[in-house]
Amino acid sequence: MKTVITIISALILFSSCSKQTVRSEFDFANKLAQRGLWKEANYRWEKSLSKGNDSASIHNNIAISMEQRGDLKGALKEYKKALKIAPGNRYIKENLKRLEIRIKPPEDKKPRKEKKK
Amino acid sequence: MKKISIIILILISFVLTGCKIQGHKIVHFEVINKGAIDFDKYKNIFFEDIKINSSVKSYDPIPDINEFFLEEFPKAIKRDIKRAEVPESISKDPVSGSSLIIRGELTLKTIKRSIIREKKKEKKFVKVENWEMEMKIFFTDMKSGKKVFFKTLKSLLNTADPKKPDYNFKFLFTKITEKLIKGIIRVGKTERRYLLIK
Chain V
120 MKTVITIISA LILFSSCSKQ TVRSEFDFAN KLAQRGLWKE ANYRWEKSLS
170 KGNDSASIHN NIAISMEQRG DLKGALKEYK KALKIAPGNR YIKENLKRLE
220 IRIKPPEDKK PRKEKKK
Chain A
10 MKKISIIILI LISFVLTGCK IQGHKIVHFE VINKGAIDFD KYKNIFFEDI
60 KINSSVKSYD PIPDINEFFL EEFPKAIKRD IKRAEVPESI SKDPVSGSSL
110 IIRGELTLKT IKRSIIREKK KEKKFVKVEN WEMEMKIFFT DMKSGKKVFF
160 KTLKSLLNTA DPKKPDYNFK FLFTKITEKL IKGIIRVGKT ERRYLLIK
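Protein sequence lines correspond, in order, to chains V and A. With the first letter of the first sequence counted as 1, position 86 gets the number 205 in the numbering used here; the numbers rise by one all the way through. With the first letter of the second sequence counted as 1, position 54 gets the number 63 in the numbering used here; the numbers rise by one all the way through.
Just so you know, the hints here were simulated from the structure itself, not pulled from any lab data. The C-beta atom is built at its ideal place from N, Cα and C for all residues, glycine as well. All the given hints hold, so there is nothing to weed out.
Reference listing, derived: stretches of chain V covered by chain A, where coverage requires no fewer than 3 residues with Cβ under 8 Å from a Cβ of chain A:
#1 142-149
#2 152-160
#3 178-188
#4 209-223
Here are the simulated DSS-like pairs of lysine-lysine, each with C-alpha atoms no more than 25 Å apart in a straight line:
#5 V:Lys223 to A:Lys156
#6 A:Lys60 to A:Lys173
#7 A:Lys121 to A:Lys179
#8 V:Lys223 to A:Lys184
Start from the sequences, fold in the hints, and give me the full structure.
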């Protein structure tokens, strides 16, 4: 019995540690992005993604870095991927809406016609 | 046995804490929106003419138009604009192969009407005018002959004073040229996004 419990504990700890490594990479990338180091942050998010950590957050953050360097089409794709994973996420929706405004700004309002008296 | 169960529970809660959703952070970044015209592509920029169709005979708008296109607009786009007196000579000149030429049309219409205005508790009929300005602007690539930019801009001024045509014109023209600049030049802007930190 003791052996089984030890094995379970070890497994829990191991899975926790491996997740922690991917997570720390993700957290580090987020900190880099907050300091404006988008290129390095993007590299680390892509690395997390290649390790199989496919999450809405990573796609969303990659999209922001793409926007920052002017790749608007790429950013659009990434936001859509993020929304596919997390369809209800209001932050991703807001980011996407702002990107769409950047791609196609709203037209100037037409002058109103004066009512004839 | 109990001790071991407690240890496992602590371990599980530790892992779960690590997975807790923490939300988002707001990040900002600078972007330069692409302008409608890539002026860097052109060696020379010429201003040819703006044809005027105006019902206002008491005011000559040409000096204002020239001032804008030859002084203010060059500052906005950070490029020199030369006056093209004879456009045919420009198109024949091989040096001006990569030139951009600005042409346009300005229409000014006024409608006279009377309104009631109260002055010192007295109601009087006052003659006013509705001014309507429309400017069609074309930026043509001299090499290909294609219009690289075309826009129709409109501006309105209701209840304008007919005795102040210079003010009325300048008011409308400023509004129109502001729209033109806004639509053409590259503007630096700070964008705000939500970074998901899970």
